[in-house]
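Undergrad: Listed below are the residues making up each chain.
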Amino acid sequence: MLSKDLDICVDKIKNDLHQNPDYVYKYINLKNNNLCLIYNDALCASDKIDNFVLKNLSFLKDEKIRKNLPDYLYNSIPNNNIKFIYTYEDIYEKLQTGFSIIINKYSTALAVETKKNLTRSITESKVEKTVNGPKDAFVEDYLVNIGLIRRRIKSKDLIVEKKTLGKHTKTAVSIIYMNDIVEKKIIDEVKERLATISEKDIMDSSYIRSSLSKNKYSFPMIEMTERPDLTSMYLLEGKVCILVDTSPFALIFPTFFVDFFHSPEDYYQKPRNVSFTRIIRFIAFLVAILVPAFYIAITTYNHETIPLTLLVNFAAQRSGVPFPAFFEAILMIITFEILKESDIRLPNQMGSAISILGGIILGEAAVEAGIVSPIMVIVIAMTAIANLIFSHVDVVNAIRMWRIIFMIFASLLGIVGIYFCSFLFIVILSSYKSFGKPYLYPFAPINFKVLKDSLIRLKNNRGEKNPLLVNNEVKK
Amino acid sequence: MKKLLILILLILPLSGCYNYLEINDMEIVEAVGIDYHDELYSVTLQILNINQDNAETPIIYTEEDNTIGKAIRKISLKAPNQLYFGHLSLIILGKEMSEFGISTSYEIFLRDPLIRSDAYVLIASDDTAYNILNQKLDTTVFPTDAIINSLKNSSQKDGLTKDLLFDELVAETMEKGLDATISTIYIESVDSNKQTISQNNIIKLGPLAVIKDDKVRYILTEEESRTLNIINNNFEDIMISIEYENSINNIDITLPKSKIDLNIDNEKIKAIINIDLDGDVTELKQNSDAEKRKVLEGLEKSLENKLKSMTLDLIKTLKAENIDALGLKNIIYKHYYSKYEKYKDINIYDITEFEINIDTEIYEVGNTYEGFK
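For the protein sequence lines, the chains are A and B, in the order given. For the first sequence, counting from 1, position 119 maps to 119 in my numbering; every step adds exactly one. For the second sequence, counting from 1, position 233 maps to 233 in my numbering; every step adds exactly one.
I should point out that these hints are in silico values taken from the structure, not numbers from a laboratory. For glycine and all other residues, C-beta sits at the position ideal for the given N, C-alpha and C. Watch out, some of these pointers could steer you wrong.
Keeping only pairs whose Cα atoms sit at most 27 Å apart, straight-line, the calculated BS3-like set for lysine-lysine is [what the hints assert, rightly or not]:
1) B:Lys3 - A:Lys214
2) A:Lys170 - A:Lys14
3) A:Lys437 - B:Lys3
4) A:Lys465 - A:Lys437
5) A:Lys26 - A:Lys191
6) B:Lys334 - B:Lys319
7) A:Lys105 - A:Lys14
8) B:Lys176 - B:Lys334
9) B:Lys95 - B:Lys3
10) B:Lys2 - A:Lys433
11) B:Lys292 - B:Lys176
12) A:Lys83 - A:Lys170
13) A:Lys437 - B:Lys2
14) B:Lys308 - B:Lys157
15) A:Lys105 - A:Lys26
16) B:Lys342 - B:Lys319
17) B:Lys157 - B:Lys136
18) A:Lys449 - A:Lys465
19) A:Lys184 - A:Lys437
20) A:Lys216 - B:Lys2
21) B:Lys3 - A:Lys216
22) A:Lys433 - B:Lys3
23) B:Lys2 - A:Lys214
24) B:Lys95 - B:Lys176
Cβ pair distances, simulated, as ranges [claimed, not checked]:
25) A:Gly359 - B:Asp25: 29 to 35 Å
26) A:Ile334 - B:Asp25: 21 to 27 Å
27) B:His335 - A:Lys449: 53 to 59 Å
28) B:Asp25 - A:Glu189: 56 to 62 Å
All chains, please: the whole structure from these sequences, using the hints.
TA: Structural data, given as structure tokens:
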């Protein structure tokens, strides 16, 4: 209950807010009704306060109206988000979200939204680039993000369920899905899992992701995207999306392994040409994961598989290199990873220095000095380039991990080791489940209809319902 | 993940990195030569020179011992790195070896899993294998590759040789009632009177040698080698010169579909050799129009006569030398098994009646109809 005495009320608020200097207390002296306007300087836009609140308050002249001041203010202030407030707790909550509070002696405060725009404007997507198709990307403001999706799907069945997570952060999190398509079981499971982390403070959508999927998987079970067009395609397929305020990345699940071979751009180009692109992506995946292991296997165990002239070249290039092929490869991979990491962290102006350093040290000096053989530089460079085809950092990292596992097997057993490790790889991948859905779908379990839009693309457009994801009523 | 770790830890002690070998720590053996002299085997290894500047001058190691395996072991003590036979591509058997018995060389190649047995095999017709392998060649590729390429080419495009792998040779010599044939190789010395750019002798592929009872019994002439390859369908195209209306014309024969049938009827053996091929006119040295049906028929006729006389010549030689390179006894073994024992040791060509059917079709005559005289 708010105090009827203005001074006591304001003092209590001041004390509860620990006398923080970014709160502004502005007293407005009227004849009988003194008012106090409280707002947070960092969160509120001063022009909104001037134009919509103070301007109105200064016109309060009529005695009759003043008798029921809160009601009068509620009706006269031109603001779409104005609320009555009766408790101190509500005052504090509203102050944190950019409201201005008008305290008076009627024990009914008013909260007027005067939020400052603290987000950047919609820009081109930086991580998942495309040539054709829409260019916009999600921003940090989740309401803008919901808007970007609603612009694409103008349906009453697009449900946005809002939740607030975090003891201190109080982050707005919304679950978005198509009510007429999605399987309700997945929604229930998501809500259940979110309920368990309601106290957890959230900085980014990836905080939620690690809670939603078990961490032991190397490949991501939940896809993160910054593209609203891709998100809308997935929603129409029957997937669920989670948007988190302050994060420009949407979480999408259930995710299948084959999704990482797809790009939204695939659907803005001719299907048959895209099939070729996808095969190239798959080859790049194999190159990224297998080539160093294969090189180690054939140069240390299975020499018969190399054509004779190539074998002579390999042997000539390797003569003088003191390390075993496995160690040589690990050395190069670590050097490349360090280079990649420093390139990401470094300010833009120093990028060219790094590329010159990397190019000369990796490409020439290491070979000249006899630390690595030129063919190993080619192998690692090929692998690195093939790896960069995937825009998802988690996929890139998972491939890197498996590449080293493959290399260990190759250095122990040669080609047989690679065969053994591939078997292990497929067994592990097919054991994964993303929200109860098999990860290798549509390959295992096989579905020929969906297979037409997997490694190759014969179907025309995305956005058709995925038979594995839709609820049973729709299936009928 | 824990299971994976246990698996990897298990593999480490169990596998022990079996046959781990870095490529720069091995001597790549490309050719093996085997000679026999005074009850000692002499093994010559031709090893690729890793130094790229002198790749065409290989390293030669040779050692003698009473078994091939021991001789190889002696070489491995000499060579700086481990000998690697995984890319072995040529085996040459010396002249004395082919007279002593070639099957003594089979064991090491067939039993040792680290030595490749699908290498091409040749017999040095009048020299040692060491001399052939030690011969400096005018070539920019590896010498062994040069020999193998030339072997493949002359067997496909000329019909003179036979690209036979070592395990195929073993299979052929083991075949009942067949005298195996194998290509030969020899050194042609440079005539010192002639002015040539090259100072080196030339290694040349020769006609087929026939192996009977584990020894080289007879070396066919070039013409006989070609005829044998025509009957065995062992070529892609061969150029044959025929005489038609008093001028020499050349026909390329292709697409062989020949076969030998054999009937035994009341102790009378009748062999039917069916030669069926297509021909293309490559040189026509007369004014007749090659498009005319009559001319083509005439050419076909004389080609058939030529092939027939070639076949009869071959049969005559086989009969005189008592060698069964056509494998007539092999057909008896396969189709008339009960009678095989009876004919096993006699000269089958003495009692066989031959019927030679030749069917040729000349299709391609080129762009000019009339020949230039």
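Undergrad: Go through the numbered hints given earlier and state which of them the structure violates, listing their numbers in rising order.
TA: Of the numbered hints, 5, 9 and 11 do not hold.
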